[in-house]
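K.L.:
Sequence:
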Amino acid sequence: MAERLIRVGRVSSVDHSRGMVSVTYTNLDDSTTGEFPVFSFTDEYKMPGIGQEVLVLHLSNGQSAGIVMGRIWNGENQPPKSRESVFRKEFGSIYGEAYMEYDGENIVFKDKNIGPVTLRELLDCKC
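Letter by letter, the sequence shown follows residues 699 to 825 in the working numbering.
Careful: at least some of the hints might be erroneous.
Claimed, not checked - DSBU-like, lysine-lysine: derived pairs with alpha carbons at most 30 Å apart: (1) Lys-787 / Lys-744; (2) Lys-810 / Lys-787; (3) Lys-810 / Lys-779; (4) Lys-779 / Lys-808; (5) Lys-744 / Lys-779; (6) Lys-744 / Lys-808; (7) Lys-787 / Lys-808; (8) Lys-744 / Lys-810.
Read the hints as simulated data drawn from the structure, not as lab findings. All values derive from a computational prediction rather than experimental measurement.
Using the sequences provided together with the hints, build the complete structure.
P.N.:
Next comes the structure, spelled out in structure tokens:
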């Protein structure tokens with residue numbers, strides 16, 4: 699039987715300074731990987747949290763080496779806003795805490811201290 703190169707598991711430890719995580723596979727008797735690097739989309743930094751489900755690509759030389767691609771949408775982790783033409787980038791670890799969003803018409807920025815503001819409001823501001 700061929701080894702599975704693509705797996706879904708849960709983050710069991712996080713090394714923020716090195717950009718690495720360990721992953722536990724509940725379907726494999728709770729076996730836990732060594733530390734794997736987290737894929738960086740165009741040098742973005744946003745580490746998954748402990749217990750979050752992630753997609754792991756194992757390298758073809760065995761299960762001891764791999765790359766964590768990031769979180770996946772599922773029953774536990776659903777998009778905070780979803781429909782055609784929506785682009786949303788979450789900045790916080792809690793959905794809705796801080797984000798940038800484009801809905802096909804407006805660009806909205808939000809942080810937890812000042813609330814949402816549109817790009818138009820920022821450009822019209824005489825601050």
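K.L.:
With reference to the structure, classify each hint as holding or not holding.
P.N.:
Comparing the hints with the structure gives:
no.: 1; hint: Lys-787 / Lys-744; result: holds, 11 Å
no.: 2; hint: Lys-810 / Lys-787; result: holds, 15 Å
no.: 3; hint: Lys-810 / Lys-779; result: holds, 17 Å
no.: 4; hint: Lys-779 / Lys-808; result: holds, 14 Å
no.: 5; hint: Lys-744 / Lys-779; result: holds, 19 Å
no.: 6; hint: Lys-744 / Lys-808; result: holds, 18 Å
no.: 7; hint: Lys-787 / Lys-808; result: holds, 11 Å
no.: 8; hint: Lys-744 / Lys-810; result: holds, 18 Å
The structure shown violates none of the earlier numbered hints.
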